[in-house]
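**Q** Residues per chain, in single letters:
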Amino acid sequence: MLRVRNLRTGYGSLEVIKGVSFHVAPGEVVALIGANGAGKTSLLSAVVGLLPPWDGQVVIGGRDATGAPPWESIASGVVLVPEGRRIFADMTVMENLQVGGYRNPDRDRLIDEMFDRFPRLRERRGQTAGTLSGGEQQMLAIARGLIARPRLLLLDEPSLGLAPLLVKEVFEVVRGLRDLGVTICMVEQNAVAALEIADRGYVLETGEIILEGVSEDLLRNPEVMRAYLGKGYREVWE
Amino acid sequence: MSQIVQFFFSGLTLGSIYAVVALGFNLIYSTTGILNFAQGEFLMLGGMTAVTLARFTPIPVAVVGAVVIVTLCGGVLEILFFRRLRRPTVLQMIIITIGLSIVIREVALHVWDEKVRSLSYFTGNECSSVRVLGAGISPQVFWVLGTVALVVLLLHLFLHRSLVGRAMRACASNPEAAMLAGINTGRMRTLAFMLSAGIGALGGCVISPITMTQYDSGAGLAIKGFAAAMLGGLGRPMPGVLGGLLVGLAEAFSVYFGMPAAYKDATAFGILVAVLFVRPQGLFSSGELQAGAQER
Numbered sequence: 001m002l003r004v005r006n007l008r009t010g011y012g013s014l015e016v017i018k019g020v021s022f023h024v025a026p027g028e029v030v031a032l033i034g035a036n037g038a039g040k041t042s043l044l045s046a047v048v049g050l051l052p053p054w055d056g057q058v059v060i061g062g063r064d065a066t067g068a069p070p071w072e073s074i075a076s077g078v079v080l081v082p083e084g085r086r087i088f089a090d091m092t093v094m095e096n097l098q099v100g101g102y103r104n105p106d107r108d109r110l111i112d113e114m115f116d117r118f119p120r121l122r123e124r125r126g127q128t129a130g131t132l133s134g135g136e137q138q139m140l141a142i143a144r145g146l147i148a149r150p151r152l153l154l155l156d157e158p159s160l161g162l163a164p165l166l167v168k169e170v171f172e173v174v175r176g177l178r179d180l181g182v183t184i185c186m187v188e189q190n191a192v193a194a195l196e197i198a199d200r201g202y203v204l205e206t207g208e209i210i211l212e213g214v215s216e217d218l219l220r221n222p223e224v225m226r227a228y229l230g231k232g233y234r235e236v237w238e
Numbered sequence: 239m240s241q242i243v244q245f246f247f248s249g250l251t252l253g254s255i256y257a258v259v260a261l262g263f264n265l266i267y268s269t270t271g272i273l274n275f276a277q278g279e280f281l282m283l284g285g286m287t288a289v290t291l292a293r294f295t296p297i298p299v300a301v302v303g304a305v306v307i308v309t310l311c312g313g314v315l316e317i318l319f320f321r322r323l324r325r326p327t328v329l330q331m332i333i334i335t336i337g338l339s340i341v342i343r344e345v346a347l348h349v350w351d352e353k354v355r356s357l358s359y360f361t362g363n364e365c366s367s368v369r370v371l372g373a374g375i376s377p378q379v380f381w382v383l384g385t386v387a388l389v390v391l392l393l394h395l396f397l398h399r400s401l402v403g404r405a406m407r408a409c410a411s412n413p414e415a416a417m418l419a420g421i422n423t424g425r426m427r428t429l430a431f432m433l434s435a436g437i438g439a440l441g442g443c444v445i446s447p448i449t450m451t452q453y454d455s456g457a458g459l460a461i462k463g464f465a466a467a468m469l470g471g472l473g474r475p476m477p478g479v480l481g482g483l484l485v486g487l488a489e490a491f492s493v494y495f496g497m498p499a500a501y502k503d504a505t506a507f508g509i510l511v512a513v514l515f516v517r518p519q520g521l522f523s524s525g526e527l528q529a530g531a532q533e534r
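Top line first, the protein sequences correspond to chains A and B. According to my numbering, the first sequence holds residues 1 to 238 in order. According to my numbering, the second sequence holds residues 239 to 534 in order.
There's no promise every hint is true.
Straight-line C-alpha distance at most 25 Å; calculated SDA-like pairs for lysine to any residue [claimed, not checked]:
1. B:Lys-502 with B:Trp-381
2. A:Lys-18 with B:Glu-414
3. A:Lys-18 with B:Arg-325
4. B:Lys-502 with B:Val-243
5. A:Lys-168 with A:Asp-179
6. B:Lys-502 with B:Met-450
7. B:Lys-502 with B:Ile-448
8. A:Lys-18 with B:Arg-324
9. B:Lys-502 with B:Ala-373
The set of hints was computed from the structure by calculation and includes no laboratory data. Owing to the predicted nature of the structure, the values given are computational and were not obtained by experimental measurement.
Between the sequences and the hints, there should be enough to build the whole structure, so can you do that?
**A** This is the structure in structure tokens:
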């Protein structure tokens, strides 16, 4: 589905991703975890073309998509739900969803489907998106992404800045998508929660992948826990 | 009383033209982050082209022709001067528009000449007038007001009811998220330039019988339209229209209240300076200055 080979990129002369290779197979849920500043968001940005790659290769569904403009990524079946949600704050919920389906002629039916999945959005369809709560905005961002009918959904920090109860809800949604067979690659600081959903994981540190493996192994790996989750992870998650 | 009505209509007429310029400014600014200082030139080009076409065709055809030609010009300019820039800064793009405005003006000077021209009145002539509350109002004034009102209405419907219009607003709201939704922001930019150029050209045509058109009449309009856009809050098309009307009325009534007519341009600049100092986010905006597209 997605294969990234030896990708290098950065901002200006600052190299943020230093030769990263990873892949996501169809039907799989993959977690990219790592501390703040490890380059997780930049990695996803480079995959969809928001950040031009310096070197390396991005192959989506067997086709070379290295350096393709961001609006093409959706045509090849990849949708990124960006960090910080990036909803269209001054447009209504309905309009946000319609724009999400800009390239999908079937959008009206899918919007109905999203309203069934997220009833709160149906209630608030005419409301300006900026007035939604953080959790609702995250649901809207995910729904907006799903309307494009992605074969691969990239989720960037879906739990960022949400209250613990909402974090749970967001992970519930991701779990639901996984059970429907959507291929997902998610970036999370919240490593334990992400690995509990994911089949496999990659641990990123300062722009390089330093560990990879099946989720259970990574969860049990003391090295992961000690070095990349920070000291406080037990207090937060238990 | 009749005098007040007279000034009111003259202010409204000028104001609606400033509103057209402000609309153009806002459309381009909100979708691309560019302040297009060549906006006034679109009005000039519209007026000049229509005057030339009107020699061979009836006026309605000339106006439509001018709007089509200038719309295409707007698209071509965007493709030639902005499309192929790799990650330009906003400042670079603004400076390009200033250069473009100078080039367009010079080209217009060579194509036409420095003579003042005007389209003939759409209905009646310069002497005919309609009585409104004792004041004599030229029928062309109603053409201007009606046309601008129609343009504003249609543009509003386009931005809020059509998918492409919504996509355009999405670009203004969050360019990166818009790209991720599959919107080709480059094409949206071309479309924004074409729309602004077309709307400007139409404004230039309807006002031409009243204010005349000359190769350099765009520059003054651009600054007043900019004042109007700032007054309404940069990047917000509909409040910008209101800003335009206010600037026009302020200009007209400053003369009514005894300011020498020669200084009436100072009113618009005064408003511009005052807004920049006191309320840079515009009169009708509650939040901070809306940053349009921030190029990365």
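**Q** Compare the structure with each hint and give your call.
**A** Hints versus structure:
Between B:Lys-502 and B:Trp-381 the alpha-carbon distance is near 24 Å, which keeps this suggested pair within the 25 Å criterion. Under the criterion of a C-alpha separation no larger than 25 Å, the hint pairing A:Lys-18 with B:Glu-414 is consistent with the structure, at around 24 Å. About 23 Å separates the Cα atoms of A:Lys-18 and B:Arg-325, which keeps this hinted pair within 25 Å; it holds. Proposed proximity of B:Lys-502 and B:Val-243 is supported: the alpha carbons are some 18 Å apart, at most 25 Å.
At most 25 Å may separate the alpha-carbon atoms for a hinted pair to count; A:Lys-168 and A:Asp-179 meet this at roughly 16 Å. With a C-alpha separation of about 17 Å, the suggested pairing of B:Lys-502 with B:Met-450 holds against the 25 Å cut-off. For the given pair, B:Lys-502 sits about 17 Å from B:Ile-448 by alpha-carbon distance, which is consistent with the 25 Å threshold. The hinted pair formed by A:Lys-18 and B:Arg-324 meets the criterion: a straight-line CA distance of about 24 Å does not exceed 25 Å.
A threshold of 25 Å between alpha carbons decides the hint, and for B:Lys-502 with B:Ala-373 the separation of about 22 Å falls inside it, so the pair holds.
Consistency with the previously given hints is maintained throughout, with no hint failing.
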